[in-house]
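Counted from 1, the sequence shown has number 178 at position 179 by numbering that gives the first Met the number 0; the numbering is strictly sequential.
These aren't lab readings, by the way, just hints derived from the structure by calculation.
Be careful, since some hints might not be right.
Distance windows between CB atoms, simulated [claimed, not checked]:
| id | residue 1 | residue 2 | range |
| --- | --- | --- | --- |
| 1 | Tyr36 | Met135 | 25 to 33 Å |
| 2 | Ser178 | Ala223 | 51 to 59 Å |
| 3 | Arg206 | Glu351 | 39 to 47 Å |
| 4 | Cys245 | Arg144 | 47 to 55 Å |
| 5 | Val192 | Ala288 | 34 to 42 Å |
| 6 | Glu234 | Ser178 | 30 to 38 Å |
| 7 | Arg144 | Asp228 | 17 to 25 Å |
| 8 | Asp228 | Ala323 | 38 to 46 Å |
| 9 | Glu164 | Arg221 | 19 to 27 Å |
| 10 | Trp30 | Ala260 | 31 to 39 Å |
| 11 | Pro119 | Ser295 | 16 to 24 Å |
| 12 | Ser365 | Ser75 | 17 to 25 Å |
| 13 | Glu164 | Ser365 | 15 to 23 Å |
| 14 | Arg294 | Trp30 | 33 to 41 Å |
Here a beta-carbon is modelled for each residue, glycine too, at the ideal position from N, C-alpha and C.
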Amino acid sequence: MDAALREATRPRAFWWLRVRPSQPLSFFEFWPSWLFYAPVALQWIALSLRYGSPLLLTAANPRIAAGGLCGESKTSILDQVEGEARGWIAPYTSLVTDADPARDLPAAESALERAGLSYPLVGKPDIGCNGTGVRMIRDRASLARFLADYPRGVGVILQEFVPYEGEAGLFYVRLPGESTGRVTSLTLKSAPVVIGDGRSTLEELIRKDPRAGLVPHLYLPRLAGRLADVPATGEAVRLVFVGNHCKGSTFRNGAGEITAALTQVVDSIARAIPEFHFGRIDVRYASLAELRRGRSFRIIEINGAGSEATHIWDPSTRLTDAYAAQFFHYHAAFAIGRANRARGHRPPGIRELLRLWRRQKELMASYPMND
0 MDAALREATR
10 PRAFWWLRVR
20 PSQPLSFFEF
30 WPSWLFYAPV
40 ALQWIALSLR
50 YGSPLLLTAA
60 NPRIAAGGLC
70 GESKTSILDQ
80 VEGEARGWIA
90 PYTSLVTDAD
100 PARDLPAAES
110 ALERAGLSYP
120 LVGKPDIGCN
130 GTGVRMIRDR
140 ASLARFLADY
150 PRGVGVILQE
160 FVPYEGEAGL
170 FYVRLPGEST
180 GRVTSLTLKS
190 APVVIGDGRS
200 TLEELIRKDP
210 RAGLVPHLYL
220 PRLAGRLADV
230 PATGEAVRLV
240 FVGNHCKGST
250 FRNGAGEITA
260 ALTQVVDSIA
270 RAIPEFHFGR
280 IDVRYASLAE
290 LRRGRSFRII
300 EINGAGSEAT
310 HIWDPSTRLT
320 DAYAAQFFHY
330 HAAFAIGRAN
340 RARGHRPPGI
350 RELLRLWRRQ
360 KELMASYPMN
370 D
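Use the sequences and the hints to build the structure in full.
Rendered as structure tokens:
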């Protein structure tokens with residue numbers, strides 16, 4: 000492995016340190032995407048010139064469509080996990096919605112029976128991101144609603160609901176040829192909750208909340224049918240189900256929870272995926288103590304080159320540190336892609352990438368609102 004490649008993917012410790020006091024939001028958390036990612040786009044151009052291809056990062060994971068940059072099937076990644084590592088994945092099944100909606104429920108129930116799955120479940124699209132279309136399915140009636148709300152001819156996943164309270168994103172990087180990889184970022188995710196006082200409506204509680212009140216547009220449309228409800232004193236109302244920042248979940252930098260034991264387990268799982276070198280593994284876990292030991296967690300999703308180290312959305316993160324993390328990971332993806340290209344793996348053409356991106360964009364626009 001040459002020195003330049005090792006330097007590109009050498010772990011940095013300085014950018015994840017929390018140096019600011021806790022606050023409801025960082026000033027850049029909800030900037031428009033074009034504004035926040037403009038420096039990242041400039042880095043992308045510079046890396047493209049340096050490495051000779053704007054799409055080289057898609058070769059970081061050669062067995063995943065476009066390396067997981069966009070348009071990849073979630074089940075196609077999970078299906079690749081081999082051997083004992085499959086035991087870490089929350090069981091799932093999948094199906095394609097039928098042209099005749101009346102056929103969906105029987106088909107789904109047959110698929111669930113074959114997979115040995117029962118309620119509650121989590122339903123999600125097979126192609127998509129940012130938590131779009133993800134819903135909790137508690138019974139047969141909610142399964143029927145979930146399927147009816149999806150467009151025809153699209154893939155959906157039905158996955159066992161993992162009852163652990165904690166949710167985390169573990170970013171993994173491994174150079175081709177290295178015997179072990181490393182966890183470069185850990186994000187602890189939690190759903191925002193408001194507590195009833197017996198007098199205020201749900202909308203009033205949201206608007207008064209120190210964090211939710213600054214971004215009410217993330218919650219009010221989804222909870223439109225309940226905004227006039229008055230939660231009882233002490234009643235906790237969860238505002239969103241999906242663990243996604245842009246859908247309203249709160250993220251905290253969990254870098255201090257990364258241990259050798261956890262890294263060893265994550266590395267063994269990642270290495271059970273053929274040619275997987277770069278991406279984020281999303282899990283639900285029983286407790287931080289158990290997560291640090293590399294125990295009592297289940298994988299709910301594995302993402303490739305299109306994922307990011309989401310600890311940057313901790314409200315305490317400084318803008319300079321967020322960009323340092325972004326630059327480090329994109330540089331690592333390009334460097335890994337270059338190494339894989341030298342091994343004979345080629346990135347897809349621009350036409351193929353555009354086709355995948357357009358397909359994903361069209362699908363996401365057609366999905367129902369998430370829980």
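Hint check results:
| no. | hint | verdict |
| --- | --- | --- |
| 1 | Tyr36 x Met135: 25 to 33 Å | holds (31 Å) |
| 2 | Ser178 x Ala223: 51 to 59 Å | holds (53 Å) |
| 3 | Arg206 x Glu351: 39 to 47 Å | holds (46 Å) |
| 4 | Cys245 x Arg144: 47 to 55 Å | violated (24 Å) |
| 5 | Val192 x Ala288: 34 to 42 Å | violated (22 Å) |
| 6 | Glu234 x Ser178: 30 to 38 Å | violated (52 Å) |
| 7 | Arg144 x Asp228: 17 to 25 Å | holds (20 Å) |
| 8 | Asp228 x Ala323: 38 to 46 Å | holds (43 Å) |
| 9 | Glu164 x Arg221: 19 to 27 Å | holds (21 Å) |
| 10 | Trp30 x Ala260: 31 to 39 Å | holds (37 Å) |
| 11 | Pro119 x Ser295: 16 to 24 Å | holds (19 Å) |
| 12 | Ser365 x Ser75: 17 to 25 Å | holds (20 Å) |
| 13 | Glu164 x Ser365: 15 to 23 Å | violated (32 Å) |
| 14 | Arg294 x Trp30: 33 to 41 Å | holds (38 Å) |
The structure fails hints 4, 5, 6, 13 (numbered hints given earlier, in ascending order).
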